[in-house]
Amino acid sequence: MQQLLLFRCVREPAVSIVATVLAAVVGLAFAQQFPSPYQRGPYNTTYVHFASLLTVGLEENLDIWLPNEPGTYQVFYFLDGFGGVIPGVAYNQVMDHIASHGVAVVVPWELASPLNPEDKVPIFVSVMDWAEGHLESKLHHKGVNEDVHLDLDNLAVGGHSAGAHVLVEYLKAGCGKFKAQVLMSPVDGVDAVGLIPIFCITPGQTLNYAIPTLHLAAGLDNVGGFTDYSCAPDFLSNKRFYDAQDPESPRWSINATAFGHGDLLDPYFQGSLEMLEFCAYNHDATEEDFEAYRRFVAGQIVSFFKALYGGSDECVAHLAYLEDPALMLVEATEVHANPAAACPAPSCTWWPAPETTIAP
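If you read the sequence shown in the working numbering, its first letter stands for residue 5, the second for the next number, and so on.
These are calculated hints, taken from the structure and not from any lab test.
Be careful, since some hints might not be right.
Stated by the list, open to error - Below 30 Å or equal to it, Euclidean Cα-Cα: the simulated DSSO-like pairs (lysine-lysine) are:
#	residue 1	residue 2
1	K243	K176
2	K243	K146
3	K181	K142
4	K181	K146
Treat the numbers as computed from the prediction; the structure is a model and nothing was measured.
Kindly generate the complete structure, drawing on both the sequences and the hints.
Right, here's the structure in full:
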(Lines of atoms letter the chains of each structure in order from A and count residues from 1; the text may use other names and numbers.)
(Lines give C-alpha, C1' and ligand atoms only; values in the text may rest on other atoms or scores of the structure.)
Protein backbone atom coordinates (compact mmCIF):
# COMPACT_ATOMS: atom_id res chain seq x y z
CA MET A 1 0.00 0.00 0.00
CA GLN A 2 2.81 2.40 0.91
CA GLN A 3 4.55 1.57 -2.38
CA LEU A 4 1.30 2.29 -4.26
CA LEU A 5 0.91 5.65 -2.51
CA LEU A 6 4.53 6.52 -3.20
CA PHE A 7 4.10 5.61 -6.88
CA ARG A 8 0.97 7.76 -7.06
CA CYS A 9 2.65 10.73 -5.40
CA VAL A 10 5.58 10.54 -7.80
CA ARG A 11 3.47 9.81 -10.88
CA GLU A 12 0.87 12.59 -10.52
CA PRO A 13 3.33 15.53 -10.42
CA ALA A 14 5.21 13.93 -13.31
CA VAL A 15 2.02 13.66 -15.36
CA SER A 16 1.20 17.28 -14.55
CA ILE A 17 4.65 18.44 -15.65
CA VAL A 18 4.47 16.43 -18.88
CA ALA A 19 1.00 17.82 -19.63
CA THR A 20 2.25 21.37 -19.06
CA VAL A 21 5.25 20.85 -21.33
CA LEU A 22 3.09 19.28 -24.05
CA ALA A 23 0.61 22.15 -23.85
CA ALA A 24 3.45 24.65 -24.24
CA VAL A 25 4.87 22.78 -27.25
CA VAL A 26 1.44 22.54 -28.90
CA GLY A 27 0.75 26.21 -28.21
CA LEU A 28 4.08 27.24 -29.73
CA ALA A 29 3.41 25.13 -32.82
CA PHE A 30 -0.01 26.70 -33.33
CA ALA A 31 1.32 30.19 -32.56
CA GLN A 32 3.68 29.89 -35.51
CA GLN A 33 0.71 29.21 -37.82
CA PHE A 34 -1.07 32.50 -37.10
CA PRO A 35 0.05 36.14 -37.48
CA SER A 36 1.72 37.59 -34.40
CA PRO A 37 -0.65 39.70 -32.28
CA TYR A 38 2.19 42.21 -31.92
CA GLN A 39 2.16 43.01 -35.62
CA ARG A 40 -0.51 45.16 -37.18
CA GLY A 41 -3.56 43.11 -38.15
CA PRO A 42 -5.00 42.58 -41.64
CA TYR A 43 -7.81 45.16 -41.44
CA ASN A 44 -7.69 48.73 -42.68
CA THR A 45 -8.94 50.95 -39.87
CA THR A 46 -10.53 54.33 -39.43
CA TYR A 47 -10.90 56.71 -36.49
CA VAL A 48 -14.13 58.57 -35.72
CA HIS A 49 -14.86 61.16 -33.02
CA PHE A 50 -18.28 62.15 -31.70
CA ALA A 51 -18.46 65.29 -29.55
CA SER A 52 -21.13 65.13 -26.87
CA LEU A 53 -21.92 68.85 -27.21
CA LEU A 54 -22.74 68.37 -30.89
CA THR A 55 -24.56 65.03 -30.63
CA VAL A 56 -28.13 64.91 -29.32
CA GLY A 57 -28.58 62.40 -26.50
CA LEU A 58 -24.88 61.57 -26.10
CA GLU A 59 -23.61 62.35 -22.58
CA GLU A 60 -19.88 61.82 -23.24
CA ASN A 61 -17.46 62.22 -26.12
CA LEU A 62 -16.66 59.07 -28.05
CA ASP A 63 -13.36 58.16 -29.69
CA ILE A 64 -13.77 55.10 -31.91
CA TRP A 65 -11.32 52.93 -33.85
CA LEU A 66 -12.75 50.23 -36.08
CA PRO A 67 -12.13 48.23 -39.25
CA ASN A 68 -13.42 49.95 -42.38
CA GLU A 69 -14.05 46.81 -44.38
CA PRO A 70 -17.35 44.89 -44.75
CA GLY A 71 -18.08 42.68 -41.77
CA THR A 72 -19.66 42.46 -38.33
CA TYR A 73 -17.22 43.30 -35.56
CA GLN A 74 -16.99 42.64 -31.86
CA VAL A 75 -17.16 45.80 -29.71
CA PHE A 76 -14.68 46.63 -26.95
CA TYR A 77 -15.72 49.45 -24.61
CA PHE A 78 -12.69 50.99 -22.93
CA LEU A 79 -12.81 53.27 -19.86
CA ASP A 80 -9.60 55.21 -19.61
CA GLY A 81 -7.53 56.77 -16.84
CA PHE A 82 -9.02 58.89 -14.06
CA GLY A 83 -12.27 57.04 -14.68
CA GLY A 84 -12.86 58.37 -18.18
CA VAL A 85 -11.42 61.88 -18.04
CA ILE A 86 -8.46 61.44 -20.40
CA PRO A 87 -9.21 61.93 -24.12
CA GLY A 88 -9.38 58.58 -25.86
CA VAL A 89 -6.76 59.66 -28.41
CA ALA A 90 -4.16 59.37 -25.64
CA TYR A 91 -4.40 55.62 -26.31
CA ASN A 92 -4.49 55.94 -30.11
CA GLN A 93 -1.65 53.54 -30.98
CA VAL A 94 -2.93 50.79 -28.68
CA MET A 95 -6.56 51.10 -29.80
CA ASP A 96 -5.80 51.37 -33.50
CA HIS A 97 -3.64 48.23 -33.26
CA ILE A 98 -6.52 46.33 -31.63
CA ALA A 99 -8.93 47.56 -34.32
CA SER A 100 -6.59 46.32 -37.05
CA HIS A 101 -7.23 42.78 -35.77
CA GLY A 102 -10.99 43.06 -36.31
CA VAL A 103 -12.36 44.77 -33.19
CA ALA A 104 -14.35 48.01 -32.88
CA VAL A 105 -12.98 49.99 -29.93
CA VAL A 106 -15.24 52.58 -28.27
CA VAL A 107 -13.78 54.99 -25.69
CA PRO A 108 -16.24 57.28 -23.86
CA TRP A 109 -14.67 60.21 -22.02
CA GLU A 110 -15.50 63.63 -20.63
CA LEU A 111 -13.18 66.20 -19.05
CA ALA A 112 -15.93 67.24 -16.61
CA SER A 113 -16.62 63.66 -15.52
CA PRO A 114 -17.68 63.11 -11.86
CA LEU A 115 -14.94 62.38 -9.32
CA ASN A 116 -16.72 59.43 -7.72
CA PRO A 117 -16.44 56.34 -9.97
CA GLU A 118 -19.86 55.15 -8.79
CA ASP A 119 -21.42 58.31 -10.25
CA LYS A 120 -19.92 57.48 -13.64
CA VAL A 121 -21.77 54.18 -13.99
CA PRO A 122 -25.16 55.68 -14.99
CA ILE A 123 -23.38 57.91 -17.51
CA PHE A 124 -21.70 54.84 -19.00
CA VAL A 125 -25.09 53.13 -19.18
CA SER A 126 -26.53 56.16 -20.96
CA VAL A 127 -23.70 56.08 -23.52
CA MET A 128 -24.31 52.40 -24.23
CA ASP A 129 -28.05 53.00 -24.58
CA TRP A 130 -27.32 55.77 -27.10
CA ALA A 131 -24.96 53.46 -28.98
CA GLU A 132 -27.61 50.74 -29.22
CA GLY A 133 -29.93 53.06 -31.10
CA HIS A 134 -27.60 55.37 -32.99
CA LEU A 135 -23.93 54.42 -33.18
CA GLU A 136 -23.91 52.29 -36.31
CA SER A 137 -25.96 54.73 -38.39
CA LYS A 138 -23.91 57.69 -37.11
CA LEU A 139 -20.70 55.91 -38.12
CA HIS A 140 -22.06 55.36 -41.63
CA HIS A 141 -23.05 59.04 -41.77
CA LYS A 142 -19.42 59.89 -40.89
CA GLY A 143 -18.19 57.93 -43.90
CA VAL A 144 -17.60 54.45 -42.46
CA ASN A 145 -18.31 51.66 -44.96
CA GLU A 146 -22.06 50.96 -45.10
CA ASP A 147 -21.34 47.24 -44.79
CA VAL A 148 -19.55 47.65 -41.46
CA HIS A 149 -21.76 46.43 -38.62
CA LEU A 150 -21.30 46.19 -34.85
CA ASP A 151 -22.11 43.21 -32.65
CA LEU A 152 -23.63 45.06 -29.71
CA ASP A 153 -24.93 41.88 -28.09
CA ASN A 154 -21.55 40.33 -27.19
CA LEU A 155 -19.47 43.08 -25.64
CA ALA A 156 -16.10 43.21 -23.92
CA VAL A 157 -15.15 45.95 -21.47
CA GLY A 158 -11.78 47.22 -20.34
CA GLY A 159 -10.45 49.88 -18.04
CA HIS A 160 -7.09 51.48 -17.32
CA SER A 161 -6.28 52.77 -13.83
CA ALA A 162 -9.43 54.24 -12.24
CA GLY A 163 -11.40 53.30 -15.34
CA ALA A 164 -11.30 49.73 -14.05
CA HIS A 165 -13.07 50.88 -10.86
CA VAL A 166 -15.97 52.09 -13.01
CA LEU A 167 -16.28 48.85 -14.98
CA VAL A 168 -16.19 46.73 -11.81
CA GLU A 169 -18.95 48.87 -10.29
CA TYR A 170 -21.00 48.35 -13.44
CA LEU A 171 -20.55 44.56 -13.43
CA LYS A 172 -21.34 44.33 -9.72
CA ALA A 173 -24.84 45.51 -10.62
CA GLY A 174 -25.23 43.04 -13.49
CA CYS A 175 -23.42 41.63 -16.52
CA GLY A 176 -25.44 43.49 -19.11
CA LYS A 177 -24.14 42.31 -22.49
CA PHE A 178 -20.52 42.03 -21.42
CA LYS A 179 -18.80 38.67 -21.84
CA ALA A 180 -15.16 39.55 -21.00
CA GLN A 181 -13.19 42.15 -19.05
CA VAL A 182 -9.69 43.63 -19.36
CA LEU A 183 -8.15 45.24 -16.27
CA MET A 184 -5.11 47.39 -17.09
CA SER A 185 -3.15 48.50 -14.01
CA PRO A 186 -6.54 48.80 -12.24
CA VAL A 187 -6.86 51.17 -9.29
CA ASP A 188 -9.56 51.10 -6.61
CA GLY A 189 -10.81 54.09 -4.65
CA VAL A 190 -11.07 57.79 -5.43
CA ASP A 191 -7.65 59.08 -4.37
CA ALA A 192 -4.10 57.73 -4.52
CA VAL A 193 -3.86 56.91 -0.82
CA GLY A 194 -7.36 55.59 -0.13
CA LEU A 195 -8.45 58.43 2.15
CA ILE A 196 -11.93 58.66 0.64
CA PRO A 197 -13.68 55.41 1.64
CA ILE A 198 -15.27 54.56 -1.70
CA PHE A 199 -14.09 51.20 -3.02
CA CYS A 200 -15.37 48.59 -5.46
CA ILE A 201 -13.45 45.72 -3.84
CA THR A 202 -13.16 44.41 -0.29
CA PRO A 203 -9.89 42.50 0.16
CA GLY A 204 -10.56 38.88 1.01
CA GLN A 205 -13.93 38.83 -0.74
CA THR A 206 -14.63 37.77 -4.31
CA LEU A 207 -16.80 39.85 -6.59
CA ASN A 208 -20.36 38.78 -7.32
CA TYR A 209 -19.79 37.97 -10.97
CA ALA A 210 -17.70 35.51 -12.97
CA ILE A 211 -16.24 36.56 -16.33
CA PRO A 212 -13.13 35.74 -18.39
CA THR A 213 -10.49 38.25 -17.31
CA LEU A 214 -7.23 39.61 -18.67
CA HIS A 215 -5.21 41.59 -16.15
CA LEU A 216 -2.26 43.64 -17.41
CA ALA A 217 0.05 45.23 -14.86
CA ALA A 218 3.13 47.42 -15.22
CA GLY A 219 6.12 46.62 -13.03
CA LEU A 220 6.53 50.26 -11.96
CA ASP A 221 2.85 50.79 -11.11
CA ASN A 222 3.63 50.97 -7.39
CA VAL A 223 6.68 53.25 -7.68
CA GLY A 224 6.16 56.87 -6.68
CA GLY A 225 6.43 59.87 -8.98
CA PHE A 226 7.61 63.34 -7.98
CA THR A 227 5.17 63.41 -5.05
CA ASP A 228 6.38 60.00 -3.84
CA TYR A 229 2.80 58.78 -4.26
CA SER A 230 2.46 56.03 -6.83
CA CYS A 231 -0.23 56.08 -9.49
CA ALA A 232 -1.19 52.50 -8.59
CA PRO A 233 -0.16 51.61 -5.03
CA ASP A 234 -0.08 47.91 -4.23
CA PHE A 235 -2.86 48.05 -1.65
CA LEU A 236 -5.29 49.61 -4.16
CA SER A 237 -4.21 48.01 -7.41
CA ASN A 238 -3.42 44.92 -9.49
CA LYS A 239 -3.35 41.94 -7.08
CA ARG A 240 -6.33 43.46 -5.22
CA PHE A 241 -8.38 43.13 -8.42
CA TYR A 242 -6.98 39.78 -9.59
CA ASP A 243 -7.58 38.13 -6.22
CA ALA A 244 -11.18 39.39 -6.19
CA GLN A 245 -12.12 37.50 -9.36
CA ASP A 246 -14.30 34.42 -9.04
CA PRO A 247 -11.99 31.41 -8.48
CA GLU A 248 -13.85 29.33 -11.07
CA SER A 249 -13.47 31.90 -13.85
CA PRO A 250 -10.63 31.81 -16.41
CA ARG A 251 -8.14 34.61 -15.82
CA TRP A 252 -4.70 35.69 -16.92
CA SER A 253 -2.39 38.17 -15.18
CA ILE A 254 0.66 39.54 -17.01
CA ASN A 255 3.18 42.03 -15.61
CA ALA A 256 5.44 44.02 -17.95
CA THR A 257 8.14 44.41 -15.34
CA ALA A 258 10.16 47.30 -16.81
CA PHE A 259 7.38 49.78 -17.59
CA GLY A 260 5.30 52.33 -15.73
CA HIS A 261 1.66 53.20 -15.25
CA GLY A 262 1.38 55.63 -18.17
CA ASP A 263 3.96 54.17 -20.52
CA LEU A 264 1.26 52.67 -22.78
CA LEU A 265 0.01 56.14 -23.75
CA ASP A 266 0.83 57.75 -27.10
CA PRO A 267 4.18 59.60 -27.22
CA TYR A 268 2.83 63.11 -26.55
CA PHE A 269 0.83 62.03 -23.50
CA GLN A 270 3.46 59.60 -22.21
CA GLY A 271 6.11 62.29 -22.66
CA SER A 272 4.01 64.80 -20.72
CA LEU A 273 3.72 62.40 -17.77
CA GLU A 274 7.45 61.74 -18.04
CA MET A 275 8.28 65.45 -17.98
CA LEU A 276 6.07 66.00 -14.93
CA GLU A 277 7.19 62.70 -13.35
CA PHE A 278 3.54 62.28 -12.42
CA CYS A 279 3.93 58.49 -12.48
CA ALA A 280 7.07 56.38 -12.44
CA TYR A 281 8.24 55.47 -15.93
CA ASN A 282 10.95 53.44 -17.62
CA HIS A 283 13.95 55.81 -17.57
CA ASP A 284 16.01 53.50 -19.77
CA ALA A 285 13.48 52.99 -22.55
CA THR A 286 14.01 54.43 -26.02
CA GLU A 287 11.18 55.59 -28.27
CA GLU A 288 11.42 52.20 -29.96
CA ASP A 289 11.06 50.49 -26.57
CA PHE A 290 7.93 52.47 -25.73
CA GLU A 291 6.49 51.73 -29.17
CA ALA A 292 7.16 48.02 -28.62
CA TYR A 293 5.45 48.24 -25.22
CA ARG A 294 2.33 49.74 -26.78
CA ARG A 295 2.26 46.89 -29.31
CA PHE A 296 2.73 44.45 -26.43
CA VAL A 297 -0.27 45.83 -24.51
CA ALA A 298 -2.43 45.82 -27.64
CA GLY A 299 -1.17 42.37 -28.61
CA GLN A 300 -2.07 40.82 -25.27
CA ILE A 301 -5.61 42.17 -25.61
CA VAL A 302 -5.80 40.87 -29.19
CA SER A 303 -4.66 37.41 -28.03
CA PHE A 304 -7.23 37.44 -25.22
CA PHE A 305 -10.02 38.20 -27.69
CA LYS A 306 -8.74 35.63 -30.20
CA ALA A 307 -8.66 33.00 -27.44
CA LEU A 308 -12.27 33.86 -26.59
CA TYR A 309 -13.78 34.33 -30.03
CA GLY A 310 -11.50 32.45 -32.43
CA GLY A 311 -11.60 28.83 -33.54
CA SER A 312 -9.95 26.11 -31.48
CA ASP A 313 -6.58 26.26 -33.27
CA GLU A 314 -6.52 30.05 -33.10
CA CYS A 315 -7.44 29.89 -29.41
CA VAL A 316 -4.57 27.52 -28.61
CA ALA A 317 -2.14 29.70 -30.56
CA HIS A 318 -3.12 32.86 -28.72
CA LEU A 319 -3.27 31.25 -25.29
CA ALA A 320 0.45 30.65 -25.82
CA TYR A 321 0.99 34.43 -26.06
CA LEU A 322 -0.89 34.85 -22.78
CA GLU A 323 0.92 32.08 -20.90
CA ASP A 324 4.48 31.86 -22.26
CA PRO A 325 6.73 34.84 -21.38
CA ALA A 326 9.23 33.63 -23.98
CA LEU A 327 6.73 34.62 -26.69
CA MET A 328 5.97 38.04 -25.21
CA LEU A 329 7.35 41.15 -26.86
CA VAL A 330 8.76 42.67 -23.65
CA GLU A 331 10.11 41.18 -20.46
CA ALA A 332 7.15 39.98 -18.43
CA THR A 333 5.94 37.56 -15.79
CA GLU A 334 2.59 35.81 -15.78
CA VAL A 335 0.22 33.79 -13.67
CA HIS A 336 -3.06 32.34 -14.84
CA ALA A 337 -5.91 30.12 -13.75
CA ASN A 338 -8.00 28.30 -16.32
CA PRO A 339 -10.05 25.83 -14.26
CA ALA A 340 -11.67 24.21 -17.28
CA ALA A 341 -8.24 23.64 -18.90
CA ALA A 342 -9.81 24.55 -22.24
CA CYS A 343 -10.39 27.49 -24.52
CA PRO A 344 -12.37 30.07 -22.54
CA ALA A 345 -15.90 30.91 -23.63
CA PRO A 346 -17.16 34.50 -23.65
CA SER A 347 -19.64 34.56 -20.79
CA CYS A 348 -20.70 36.36 -17.65
CA THR A 349 -22.56 35.03 -14.63
CA TRP A 350 -23.89 37.37 -11.97
CA TRP A 351 -25.48 36.78 -8.59
CA PRO A 352 -26.86 39.21 -5.98
CA ALA A 353 -24.51 40.26 -3.23
CA PRO A 354 -24.47 42.99 -0.58
CA GLU A 355 -22.99 46.19 -1.98
CA THR A 356 -19.47 46.84 -0.69
CA THR A 357 -18.09 50.38 -0.74
CA ILE A 358 -15.89 50.57 2.36
CA ALA A 359 -12.80 48.43 2.73
CA PRO A 360 -12.21 46.97 6.22
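Do the hints match the structure? See the list:
no., hint, in the structure
1, K243 x K176, "18 Å, holds"
2, K243 x K146, "42 Å, violated"
3, K181 x K142, "21 Å, holds"
4, K181 x K146, "26 Å, holds"
When each numbered hint is compared with the structure, a violation occurs for hint 2 only.
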